[in-house]
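Taken in sequence, the protein lines are chains Z and H. Read in order, the letters of the first sequence correspond to residues 1 to 264 in this note's numbering. Read in order, the letters of the second sequence correspond to residues 1001 to 1527 in this note's numbering.
Do not rely on the hints blindly, as some may be mistaken.
Below, a list of computed lysine-lysine pairs in the BS3-like style, where the Cα atoms sit at most 27 Å apart [to be verified]: (1) Lys46(Z) x Lys227(Z); (2) Lys1077(H) x Lys1140(H); (3) Lys1140(H) x Lys1048(H); (4) Lys46(Z) x Lys64(Z); (5) Lys1214(H) x Lys1077(H); (6) Lys1049(H) x Lys178(Z); (7) Lys1118(H) x Lys178(Z); (8) Lys1214(H) x Lys1140(H); (9) Lys1048(H) x Lys178(Z).
Quick list of the computed label-pair ranges, beta carbon to beta carbon [what the hints assert, rightly or not]: (10) Thr1376(H) x Thr133(Z): 20 to 28 Å; (11) Arg150(Z) x Gln1175(H): 30 to 38 Å; (12) Ser214(Z) x Ala1057(H): 37 to 45 Å; (13) Ala76(Z) x Thr1397(H): 55 to 63 Å; (14) Pro108(Z) x Asp1054(H): 28 to 36 Å; (15) Asp174(Z) x Gly1335(H): 23 to 31 Å; (16) Gly1186(H) x Tyr73(Z): 43 to 51 Å.
No lab work stands behind these hints: they were computed from the structure. Keep in mind that this is a model prediction, so the values were computed, not measured. We treat Cβ as the ideally placed atom computed from N, Cα and C, and that holds for glycine.
Residue-level listing of the chains:
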Amino acid sequence: MQREAWVILIILLLAGAVTYAHITTTTEDYSRHNIGWNGTSNLGLKEVEELPTEGILLIIAPDKPFTSEEAGYLRAFLESGGTLIIADKDGTANPLLEALGSAMRIQPGNLSSLERDHVDPRIFRVHVTGNATIFAGIETLLVNHPAAVRGGEALLETSPLTWDDADGDGRPGDTFGKRVVCAREGNLIVLGDPGLFINAMHNENPEFIGNLQSVLIERTHSRTGTKNPIINTLTWIQETPLAGAALAALAILPVAYHFGRKRE
Amino acid sequence: MRPRASHIILVAAVVLVIAILGIHATAPILYSAENISTDAHADPSTIKKRSPGDAAAVIPLMDELLGETGTLALTIKLKDYENAERDLARYTDLSGRFDRLVITLDASDTDIGEFQQKNRANLDSLATLLDDSRRLDDLKRLEIEVRGDEGQHTAIIYEGEALRQKMRQSFSSYQERETAVTRIAGNYNLDTTPYQESIEDFAEVADAADDWRKKVGGNTPPSPLSITLSPTGGSYGDTIRISGRYTGTPPDTPAEVYVDSRLARSPVFDESGHYTCTYRIGRISAGPHIVYATAGPAYSDVRTFTVFPGNTTLTLALAGVNRTTVACTGTLTTGNRSVANAPIALRVDTTMLVTAETDGNGTYEKEITLPAGEHTIRAEFHGAGFPLNLSESETGTFHVPDDLPSPLPLIAGIAALLGTGWYLRRRQETPDEAPPETPPKPPEEEIESPAIDITGLPPRDAATVLFHLLRARLGLSETKTPRDCAKVAHARFFERYERIRYAGEVPTEEELRWMEDIVRGEDAHAA
C-alpha cells in the first residue's frame, strides 16, 4: 500500500509539473512567456514599466495606443538624451511618431526580395547603411516579414530587387526598388521588423542580439506580455510581495493545522 | 493481471511498434513541424532554404548590357568591324545570360522584364547596324570603282538609297526605346552614359549614309521597281500582301523581297512586270519592320509595316504517367490562332524550369520525373521574339507518393514477431505443470514385487513402509525425497505420501489399499 501511494504521488507530481509548464506558457507572438519560436522568452532583456531618464528603450510591436501623456513622457525621454527604438510593422506606432513630431512612418505591406536564400520571399537580408549602436559591427541582417519605413536617415536598406507583394502571391510585382526597413531621426529609431526579437531569429542575427544587452523593454505597450489570465495572475503574485506572502500562508496553514492536531 | 492478458498486450505493443518502425524505416520522418508561421512572421529554421541563385547578378548585368551598347556602337562608327564583331558576340552572350536569368527569377512581368525586351530589340538593331554599315562601306567603294558605267552606278545608287532608308528606320526604332530604357536604368541607379552615347553614334552612322547618298546620287532617276504593302500593320498570324511592278522589261530572275534585311520571298514577275507575294507574321518582334525588294540591280524603296502585340492564352493539363512521372500538356493560342514552335517554360515548385516547345498546332507535351512529395507546376510563355504578350497557365499540383518501404525491415519485423511468440510460448510451458523429464523407465517387470506386510501398523507408518517399498521397486536412491520421486513416476502416489509425511495427514484404509496396489504394480493407471 505504501509503495502504491508513492507511485501515485510521483505521478501526481509529474502531472502537476507538466500542467504548470503548460498553463504558464503561451503561443502568443512576441510574448516573453512564449518559449516557442515566435516568443521572446530568450531575449533576456529587462522590462520596465516606469520610463527611465536615460539609456535605450525598446517598444516591441505595440498593440495599444499611446495617450498624449505617455507620448509626452517619451518626448521628454528623448529630449533628455535617451534613445527610443520603436519596432513595429503594423503601423500602430504611427500616431505616436506623429505625436513625437517625427516625419518617419511605418508602411505596412508585404516586402519581398529576389535576393534571398529562403523559399519564403519575405525572409531576406538587409544591409546596414547607417550608424547606430544596435547595428555596430554588423553588415547584414536577416529580416522576417518586415515593413518599410518612410522618412528619416536610413539605417537598414533592402537590395534593389525588392518589391511590395501587394497580392501576396510571392511573385515579383511591377517595379523593384530599394526599401528602408529601419531609419532614425536623432535618437529616435524606427524598425520595421519586430520579428528580429523573436526566439527563432536569435541564431540568425547573434551580433544584433548581442548589441541589445543594455536595452530596456517598455512593457506597458510592448506585446511581450500575454492575455493569458493564469499567467498574468501568477506574474502578479510573483511581483506583489503581499500576495506572495498570503499565498504562502494559505499553503502553510493547513499543513501546520494538520500537524498540530496530530501532536495533540 | 493474468499472465495471458499481459502477454497479449505485450505482443500487440510489439506488433504496433514493429509496424510503425517498418513503415518509417526507409523514410524516417517521424516528426514534422507545425505552427511554423503566423501573420507576423515565419520560423526561418523550418522554411526551406534555396540557393540565392544569380539574383545578385541582375543589376550588374544590366549595367554591363548598357555599357556594351556604347562600346559596340562606337566600334561600328569607327568602322573597326573586327572588334565590332567581337563586341557583338559578347553583347549577344550577355543578353542570352540576362534572358535566362529573368526567366529563372520569374521577373518577366517586372520592369526588369521590360528592360530585357528592350535590350533584345537593341541587340537586333545594333547587329543590323553593323551589317548595314559594312554594306554601306562596300557600296561607297564600289561606287568609286564603277564611275563611268552608268548601269552599275545606278544599281549601286538604288541599293544605297534602300540602305539609307533602312538605316534611318532602324535608328528611329533604336531611339524610340531610349525613354523606357533610361527610366528603368534610373530605378536601379545604372549609368546610362554609354547607352546615350550609343544613340549618338548610331545617329552619326545613319547620318553618314544620308550624306553619302546626297553626295553621289542626288540626280538618280526613280527606281524602276516599286513596292506596296497591304495592310501596313497586323498581328501574329496575319498576312501582309507585298506587291509591285518593274517598269520596263523585268529581269529574267525572280524578284527578291527582304524583311528586316533577310530574304523572305522570291516572287516571279508576270508578263506585265508585276510581282505579288504574301508574308505571314510569325516569330518577329512587335513594332515596325522594314521591307524592300530587289530585281537584278534595281532596289525598291523601303517600306515598313507594324506588328501589333497580341495577348496569349496558355493551358496546362497534368496527367500521371507512372508513380513519379507527370505528363504536362497544353496549348498556346492568341485569339483563335494557335502559336507554333513557341518555347514554353514549365516552372516546377517555383524554382525548377523545364523547357518544352509547341508543335504546328500550338500544342506542347513534356514528361517530368519528380521526387516524392507535393509539387506545383505552371506553364509560362515569355514572348521569346514573338509579337505576343507573356502568359502563363493556372498552377497545377501533382503528388508523388513516398517510395515503398524496403522489404528488409518488414522481414526483420516479422522474424522478430515470430521469435517473440515462440519465446513467450516456451516460457508459458516451462512452469510447474510442465511434464517431468522422463528418464528411461525402470524395467518394473524385472524387479520382483516385494513382500508387503503392513498389518497392524498405524496408517501413517504403513504409508511410509509402502513409500520405501515403491521407491526400492523403482530402483530410486534412498536419498530421494517423495517430491524427487514424484518427478520420475507415480506422481500421485508420492504427492499423497508427501502430504501424509509432512502435512501430518492420515491415510484412510482405502488409500492404503490403493497405495499397496501400486507398490504391487497392480494399479498401473494410477501413476
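Taking the hints in turn, this is what the structure says about them:
no., hint, result
1, Lys46(Z) x Lys227(Z), "holds (20 Å)"
2, Lys1077(H) x Lys1140(H), "holds (15 Å)"
3, Lys1140(H) x Lys1048(H), "violated (64 Å)"
4, Lys46(Z) x Lys64(Z), "holds (20 Å)"
5, Lys1214(H) x Lys1077(H), "holds (19 Å)"
6, Lys1049(H) x Lys178(Z), "holds (23 Å)"
7, Lys1118(H) x Lys178(Z), "holds (23 Å)"
8, Lys1214(H) x Lys1140(H), "holds (12 Å)"
9, Lys1048(H) x Lys178(Z), "holds (25 Å)"
10, Thr1376(H) x Thr133(Z): 20 to 28 Å, "violated (44 Å)"
11, Arg150(Z) x Gln1175(H): 30 to 38 Å, "holds (37 Å)"
12, Ser214(Z) x Ala1057(H): 37 to 45 Å, "holds (40 Å)"
13, Ala76(Z) x Thr1397(H): 55 to 63 Å, "holds (58 Å)"
14, Pro108(Z) x Asp1054(H): 28 to 36 Å, "holds (31 Å)"
15, Asp174(Z) x Gly1335(H): 23 to 31 Å, "holds (26 Å)"
16, Gly1186(H) x Tyr73(Z): 43 to 51 Å, "holds (45 Å)"
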